[in-house]
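Each protein sequence line maps, in turn, to chains A and B.
Residue 250 in numbering that gives the first Met the number 0 sits at position 251 of the first sequence, with consecutive numbering throughout.
Residue 510 in numbering that gives the first Met the number 0 sits at position 511 of the second sequence, with consecutive numbering throughout.
Just so you know, not all the hints are guaranteed correct.
Claimed, not checked - Straight-line alpha carbon distances no greater than 27 Å define the calculated DSSO-like cross-link-like pairs of lysine-lysine that follow:
hint : chain 1 : residue 1 : chain 2 : residue 2
1    : B       : K315      : B       : K355
2    : A       : K79       : B       : K266
3    : B       : K383      : B       : K355
4    : B       : K191      : B       : K315
5    : B       : K393      : B       : K383
6    : B       : K191      : A       : K81
7    : A       : K60       : A       : K81
8    : A       : K60       : A       : K79
9    : A       : K60       : A       : K121
10   : B       : K355      : A       : K79
11   : B       : K383      : A       : K81
12   : B       : K266      : B       : K191
Worth flagging that the hints you see were computed from the coordinates, not collected in a lab.
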Amino acid sequence: MLRYTLKRLLMAVPTLLIVITLSFFLMHLAPGGPFDGERQLPAEIEANLLATYHLDDPIWKQYLIYMGNLLQGDLGPSFKYKDFTVTELVAQGFPVSLELGFWAIGLALLIGLPLGIIAALKRNSTVDYLVMGTALAGVAIPNFVIAPLLALVFGVFLAWLPVGGWNDGAWPNLVLPVVALSIQQIAYIARMMRASMIEVLGSHFIRTARAKGLTETEVIRRHAIRPAMLPVVSYLGPAIAGIITGSVVIEQIFGIPGIGRYFVQAALNRDYTLVMGTVVFYGALIVLLNLIVDLIYSALDPQIRYDD
Amino acid sequence: MRKTSLFAGSLLLATGLAASPLQADTLRLAIMGEPASLDPHKISGTWENDVVGDLFEGLVTEAADGERIPGVAESWEVSDDGTVYTFALREDAQWSDGTPVTAGDFVFAFRRILDPATAASYAYLLYPVENAEAVYADEAEPSTLGIEAVDERTLRITLERSTPYFLDQLAHYTAYPLPKHVVEEYGDDWSKPEHMVSNGAFALQDWQSQTRIEATRNPHFHDAENVALDEVVYFPIEERNTALNRFRAGEIDIAREFPTQQYDWLKENLPEAVQVAPYLGIYYYALNIRDGHATTDPRIREALSLAVRREVITDKILGTGEQPAYSFVPPDVAHYEGPESDIAEMSQEARLERAKMLIEEAGYGPDQPLELQLRYNTSEDHRKVAIALAAMWKPLGVEVELYNSEVAVHYADMRQGDFDVARAGWIGDYNDAQNFLSLLESGVANNYGAYSNAEFDTLMDQAAETQDMDTRAELMSEAEALALEDSAVLPLYYYVSRNLVSPDLSGWQTNIEDIHRSRWIDFED
C-alpha cells in the first residue's frame with residue numbers, strides 16, 4: 000500500500016509537468032494581454048510594465064523563468080492584485096473555500112445518501128418518484144438561479160440570515176452559500192446512490208446473504224451499502240476538488256472571499272501568474288484526491304488490492 | 000449621534016452578529032471591486048479611488064460636491080506664464096502617526112510614481128510636470144523632475160507648459176504625498192494595513208482580501224473635528240445584484256452602483272435612495288478610418304451616425320437616465336461649451352433621408368449592401384446596443400456582422416485596427432474637455448479609429464498654449480466641431496453615475512466626477 004502510494008505520487012510529477020506546460024503555452028496563445036484594457040497606456044509605460052514582469056522576453060525564456068521559480072515554490076506576483084503574491088492569494092482564499100466546501104459536501108452526503116437508499120428500497124413507489132423528481136429539479140436548476148433566490152427570500156424578505164459577506168465564517172453567513180452549493184450535489188449523490196443500490200440489490204452476494212437468513216436490514220446495512228457507495232466515492236474525488244476550490248457563482252453572489260473567483264477572473268484579466276497558480280493548485284489537488292479515492296476503494300471493495 | 004436603524008439592529012440580533020465590531024457611526028460602503036492595491040501608485044480603478052481617497056489627501060482635495068478646495072496646501076501662487084506653482088503647506092498637516100506632512104513627502108511621491116521601477120500605469124497623468132516624461136523613460140535623473148521642496152512647508156512645482164487643469168488634477172491620487180519615512184522603512188510592503196500611514200480623514204486598520212477594508216477616523220487629520228464618522232467599512236462587491244440585495248437588507252449604507260435592470264423597481268420602491276446623475280463619460284463607437292475600411296468615407300460615417308436613433312437607445316434600451324450624445328465632450332464639463340450639433344436639430348425623417356442619400360452617393364444601397372463588422376466587448380447592455388444599431392442601419396442597406404469578444408481581446412483587436420465599427424467608452428481622467436478631445440488627436444494611443452485631421456491637431460495645440468480659459472475653451476470647441484463634422488467617432492450617450500444612498504445619511508452630493516469622500520458623510524439624527 001505504501002509503495003503503491005509512493006509510486007502514484009511519483010507518477011503525479013510528469014502529469015503535473017505536462018498540465019503546467021500545456022496551460023502555460025495555451026494561456027500565452029490567447030489573444031490580449033494583461034495590460035490590454037479600455038485605456039491604452041502610453042507606449043513607454045506599457046513597455047516598462049512588460050519589462051517589469053518579463054513579458055517582453057521570448058516565450059521559452061518566460062517559461063524557463065516560470066518553471067525555475069515554481070521549483071523554488073514561488074508562484075510569482077499577481078499582475079492584477081499588486082499587493083499580493085499568487086501564493087498569498089491562494090493561501091488567503093483556500094481556507095475559506097475549503098470550509099464552505101467541507102460543509103457543502105458534508106450536507107450533500109448526509110442528505111443525498113439516505114435519500115438515494117430510500118428511493119432504491121422503495122423503488123417505483125410514490126416516495127421514489129418524489130425523491131427522484133426533486134433530485135432532477137435540483138440537478139436541472141443552476142446555482143445562479145437558486146443562490147439569488149435564497150438570498151432574496153431568507154436575506155431580504157424574511158431577514159433571517161445575512162444576504163452576503165463572510166464575517167470570518169460565522170454560521171449565519173455560512174448557511175445560504177452552503178445550502179446553495181450543496182443542492183446540486185445532493186441531487187447528484189441521491190441519483191447515483193439509488194442507481195447503484197438497485198444494481199447491488201440484484202447481485203448474487205445479496206441473494207446469498209438473504210439465503211443465509213439475514214434480516215433485510217442486516218442485508219442492507221452489512222452487505223449492500225458499502226459496495227453501492229463505490230460510484231459515489233469515485234465521483235467524490237473530482238467533485239470535492241471542484242467544490243473546495245470554490246465556486247465563482249456562489250462567491251460572487253454571496254460575496255465570499257474564496258479562490259473560485261480567481262479561476263475566472265485571472266483568465267479574463269490575463270493575470271498570467273494567477274492563472275498558472277490556480278492551474279498548479281487545482282491540478283495537484285485533483286491528483287491527490289484521486290489517489291485518496293483509490294485508496295478508499297480498496298477499503299470498501301475487497302476485490303481491489305494494491306499491494307503488488 | 001445615531002445608531003444603526005431598528006431594522007438593521009434586529010437583523011444583527013437575529014443572526015447572532017451582535018458581537019460584530021460594527022457600531023454606531025460606521026459607514027458601510029459597497030465598492031464595485033476588490034482593490035488591486037491601496038498604494039496610490041499601483042491603482043487605476045474608481046473603486047480604489049473610493050478607498051484611497053478617504054485615506055489620503057493631495058495638495059487640493061474634493062469638497063462634497065466635487066469642487067476643488069485646499070487640501071494639504073493652504074494657499075498657492077501661480078507664475079504669470081502659468082508654469083510655476085508655489086504651494087504653502089498647512090502647519091497642521093500630519094500623517095496618521097503624528098509625523099508632519101512635509102514638502103519632501105510630495106517630492107518623494109512624485110519621483111516614486113515616475114520611477115520606471117514602480118511600474119505605475121497611471122504615471123502619465125503627471126506628464127505636465129517638467130521632465131516627467133523623460134524621467135519615466137529613464138532619460139533624465141529623478142532630481143531634474145520639476146518639483147522641489149523649497150523648505151519643509153513650501154513646495155514648488157514647475158510644469159512643461161501652462162496646464163490649466165493641473166490644479167484640479169492635484170486632487171487625483173497620482174498626486175498624493177506618500178509617507179517617505181514609512182515607505183523607506185518597509186519598501187513595497189508599506190501599504191499593508193500593519194504599516195500604512197496616511198494623511199487623509201481616515202486611517203487604514205484592516206484589509207481582509209475580497210471581504211472588507213476597515214478605516215477609522217484619523218485623529219491627526221487637520222479637519223478631524225469636522226469628520227462625523229468614526230469608521231468606514233468598504234465591502235468589495237462586484238455583483239451588482241448582490242450589492243442591491245445587501246442594501247435592501249440593511250447590510251450596507253451606500254452602494255456605488257446598482258443593476259440597471261432594477262432602475263424602474265428602485266424608482267418605485269426606494270425612490271429616496273436612488274441617486275442618478277450625469278457622469279464624466281461618453282459611450283461611443285469608434286469608426287475605423289484606416290485604409291481598406293468602408294468607414295474611411297466620411298459620407299458613410301455621417302450616414303451611420305444619422306441613422307442611429309439615440310433616444311431609443313437611452314430611453315428604451317437603457318432607461319437609466321442616460322442622455323443621448325451628439326457630441327464627444329459630455330455636457331457640464333468644467334470651463335467648456337461644446338459646439339451645437341446639426342444632427343440633434345434634425346427630425347428623424349430628415350436624418351434618415353439624408354443618410355440614405357449619403358450612402359447612395361458613396362456607392363451603396365439596398366442592391367449593393369454595405370457590409371460592416373461591428374465589434375463589442377461582452378456585456379448584456381453592449382449586446383443590446385449593438386443589435387439595436389444593426390437594426391437601425393438596416394434601412395440604409397447596411398449589413399452588420401456582430402462580433403463579440405471579452406474585454407482584453409476587444410481592445411487588443413481595436414489597437415490592431417481590426418474592426419469597422421467598434422464599441423468604446425471613455426471616462427474622463429480629469430474634468431476638462433482636453434481629456435476627451437485629445438483622444439482624437441493624430442497618433443494618440445486611444446484614438447482607436449486612427450482619426451487624423453491636421454486642422455484639429457493645430458487647434459488642440461493652440462488650446463494647449465493658451466492660458467486664457469475662455470479662449471482656450473473656444474479653440475477646443477472649434478476643434479470638436481471639426482471632429483463632429485468629420486464624424487470622427489459615433490457618440491451614442493453620456494454616462495450617468497448610479498448610486499444607492501441610504502436616506503439616513505446626509506452630506507451626499509451628486510457630482511459629475513462621481514467622487515464622494517466619506518469625510519463629508521454623516522448619519523442624520
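Comparing the hints with the structure gives:
1. B:K315 to B:K355: holds, 24 Å
2. A:K79 to B:K266: Violated. K79 (chain A) to K266 (chain B) sits at ~36 Å, over the 27 Å cutoff.
3. B:K383 to B:K355: holds, 24 Å
4. B:K191 to B:K315: violated, 46 Å
5. B:K393 to B:K383: holds, 16 Å
6. B:K191 to A:K81: Roughly 11 Å between the alpha carbons, so the hint for K191 (chain B) and K81 (chain A) holds.
7. A:K60 to A:K81: Holds. K60 (chain A) to K81 (chain A) sits at ~23 Å (cutoff 27 Å).
8. A:K60 to A:K79: holds, 22 Å
9. A:K60 to A:K121: violated, 63 Å
10. B:K355 to A:K79: violated, 47 Å
11. B:K383 to A:K81: violated, 34 Å
12. B:K266 to B:K191: violated, 40 Å
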